[in-house]
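Colleague: Protein chains in written order, with this note's numbering: chain A, 2 to 466; chain B, 11 to 344.
Hints are supplied without guarantee of correctness; some may be wrong.
Said to hold, decoys possible - Going by beta-carbon spacing under 7 Å, a handful of chain B positions derived as facing chain A: (1) I90; (2) L101; (3) A240.
If you're looking for bench data, these hints aren't it; they were derived computationally from the structure. Beta carbons: idealized from backbone N, C-alpha and C, even for Gly.
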Amino acid sequence: MHLDPEFLSRIQFAWVIGWHILLPAFTIGLASFIAFLEGAYALTKRAVFLNLSQFWLRIFAISFGMGVVTGIVMPFQFGTNWSRFSDVAGNIISPLLAYEGLMAFFLESTFLGVLLFGRKLVPPSMHFVAAVLVAGGTVLSAFWILATNSWMQTPVGYEMIDGRFFPKDWFEIVFSPSFPYRFMHTVSAFYVTTAFVVLGVGAYTVRRGQSLAEGRMMLRLALWFLAIFVPAQMVLGDLHGLNTLEHQPAKLAAMEGLWDGGRGVPASIIGWPDQAAERNVAEIAIPHLGSLYLTHSWNGEVKGLKDFPPDQRAPVAVVYFSFRIMVGIALLMVAVVLAGFVLMARRRLDETRWYLVLCQFTTCLGFIAVIAGWTTTEVGRQPWTVYGLMRTAESVSPSLTGANVLFSLLLYIAVYLIIYPVGLSVMLRLVWRGPAASDDDAPVVSGRPKSPIEALASATAETTR
Amino acid sequence: MTLDLVPIWTTILAAAVFFYVALDGFDLGVGMLHNFAPDRDARELVMNSIVPIWDGNETWLVLGSIGLFAAFPVAFAIIIPAVYFPILLMLLALIFRGLAFEFRYRNAEHRTFWDHGFAAGSGLAAFAQGVVLGSFIQGFHVEGRQFIGGSFDCFTPFSVFCGIALMFGYGLLGAGWLVIKTEGALQDWARALGRWCLIGTVVAIGIVSLWTPLTNAHIAARWFSWPHIAFLAPVPLITAGLVLYAWWSLNDRSEYAPFVAGLGLFVMSYLGIAISLWPMIVPGHFTLYQAAASPSTQAFLLLGTLFLLPVILSYTAWSYWVFRGKVRADIGYH
Chain A
2 MHLDPEFLSR IQFAWVIGWH ILLPAFTIGL ASFIAFLEGA YALTKRAVFL NLSQFWLRIF
62 AISFGMGVVT GIVMPFQFGT NWSRFSDVAG NIISPLLAYE GLMAFFLEST FLGVLLFGRK
122 LVPPSMHFVA AVLVAGGTVL SAFWILATNS WMQTPVGYEM IDGRFFPKDW FEIVFSPSFP
182 YRFMHTVSAF YVTTAFVVLG VGAYTVRRGQ SLAEGRMMLR LALWFLAIFV PAQMVLGDLH
242 GLNTLEHQPA KLAAMEGLWD GGRGVPASII GWPDQAAERN VAEIAIPHLG SLYLTHSWNG
302 EVKGLKDFPP DQRAPVAVVY FSFRIMVGIA LLMVAVVLAG FVLMARRRLD ETRWYLVLCQ
362 FTTCLGFIAV IAGWTTTEVG RQPWTVYGLM RTAESVSPSL TGANVLFSLL LYIAVYLIIY
422 PVGLSVMLRL VWRGPAASDD DAPVVSGRPK SPIEALASAT AETTR
Chain B
11 MTLDLVPIWT TILAAAVFFY VALDGFDLGV GMLHNFAPDR DARELVMNSI VPIWDGNETW
71 LVLGSIGLFA AFPVAFAIII PAVYFPILLM LLALIFRGLA FEFRYRNAEH RTFWDHGFAA
131 GSGLAAFAQG VVLGSFIQGF HVEGRQFIGG SFDCFTPFSV FCGIALMFGY GLLGAGWLVI
191 KTEGALQDWA RALGRWCLIG TVVAIGIVSL WTPLTNAHIA ARWFSWPHIA FLAPVPLITA
251 GLVLYAWWSL NDRSEYAPFV AGLGLFVMSY LGIAISLWPM IVPGHFTLYQ AAASPSTQAF
311 LLLGTLFLLP VILSYTAWSY WVFRGKVRAD IGYH
């Protein structure tokens, strides 16, 4: 069997970023949720908000730590496996990545300490400000990573000198055409993901009958939030799709499984895209619907895959199905939220056991949708690293053999399969103990450094004792 | 005419790498020594001495790597794939070590497993970094702007020896740190280990210094020609003085001197390498100026760095100030 270093490097990148992205997908939403709880507590002084904030902070600390540690791997991937890309595009993407790193550490070393350990040291309003700054910082981190990615999808603001990219206009580079849509759609996805986790944990808490006030609050906060953000996310997704149609038509055609372009194209509901035969097998399609939602007109023109040479098409089946998984989950989410509101209207939300169990199962929905969406946009970019300009095959490190990459990939798989289950079990244990568990019988965080602010807090506690 | 930023970025990068080696060096060292601690209580104290600062120290690894990428992209594109497996080992070791640290408190029923994981991860990370350093000194097989050698080229007797050497060096820093942070019998234990690490470090520095000119002809020519020899000559002399100072301070009651002397040895080794390779960033192929990113890239990143880096630095300094003093069993950090 021939081992292809390019293909294995892609799998390796997908593996390490796939696991990593689950953590920002959760912590970015959670940071904002905690900021909301802190704000609500500062305003209303209701204990339920304080308990919830402390409960979620414990979980936040662990997931943030795992995110930092798995994030260290990411910049090195560009060097180890994609060195030609690093050389050719380094002048443009490296400062964007560097800003993300600086921002993350700036944040970690300052306001996170106040948020995690400063409760006794600063007034609730200051604590709220720290929470807002941490939430803002996590979103800024996403800003830089998505700016990097968006430039790779829709490169502008550069000039080519001797076959390498040089920056011409940093504003254009950072705010490339796909960036605003990708940024909004991704951050909103992270919020929805977190809200479904809150919904699931709330349902579990209510079903167990302990910390009822906190559980009910979580259920209701999550449902109201989702009632706004799930539809908003679908609109944002539609806008992002239209942007893709304009700037990356070949990717859009792969998402739609559309081989023959033209006017009044059908929408493929489900089928099996056969890349070699250039058609979909066993397909169910609805005439004209494709044009209708892509161009918002009955006879709008859309390009098909056959409008592009075969060596410029993405692996259609992967993009086609990951896109359908994402959309399918969105529809499922709508159903869950609707059912929740029907039950809430009938005042039976907290007693309907099947619904609470269902909510527990939907905890993972957002994560699956995030991975599916990421797969759609990244595999859809293939065969390019920089869309239309630099091929993935030209990006991989020339020194690597297939066996080299297979070996490293297996090691990454082994280590991630140890640490993620342990991390998950540690977080589940916190959920099992529930929001009522007091802060004193367990350390808030352990492996996290105790920051100076925390040291001050414990010193203050010592002297006032 | 734009301002020449290459010297500024060289300084920032050199500082980041040195901060990393000095700071994470001692906590990797403490991680390795941790396994030799006499009993459970001692292990807890040893661990507590680095709880508040260890992961802040790793910050500098990320800043160093993305700093290299941003300031000298072609050097990043050549060096990192050339040390593919040492980097892989280092990353996996650091992940495992970091989470072992986190989980040992949270998953107490498996604490012994995580403790061993922490020690093994620390040792492996130190070893891998030494191999990276060794293969950097040896130089890489480059064609055009890419590394074209094999992924296992970096494992030579010389680089593997550098890996072991760095384990001893980090061990020395770790012992020095423990002398500062502990007292009584535990401190005596740290001093004893420090003496062993010092012996290992001295032997290693000696052998690496003899071996380097044999493995790299450019460096040999530079060392033994005028005027370079005049710049270089003080380095071995000061190093010898530092070794004597370290040995004396480990046997004496002085508390800060072993750590300071250990750091001094690292400064001297760092200077020795810098003088040997200057002004190359990819030995034998690219100078700092040839490898530099476009002026616009350097300027764009410098803008934010000049604001964010001082904050990170001062916060780091403040953390160390707050956590000064001995660790004791009755006042745990947890």
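Colleague: Each hint needs a verdict: does it hold in this structure or not?
Modeller: Going down the list of hints, with the structure as the test:
1. I90: Constraint on B:I90 satisfied, holds at 3 Å.
2. L101: holds, 5 Å
3. A240: violated, 37 Å
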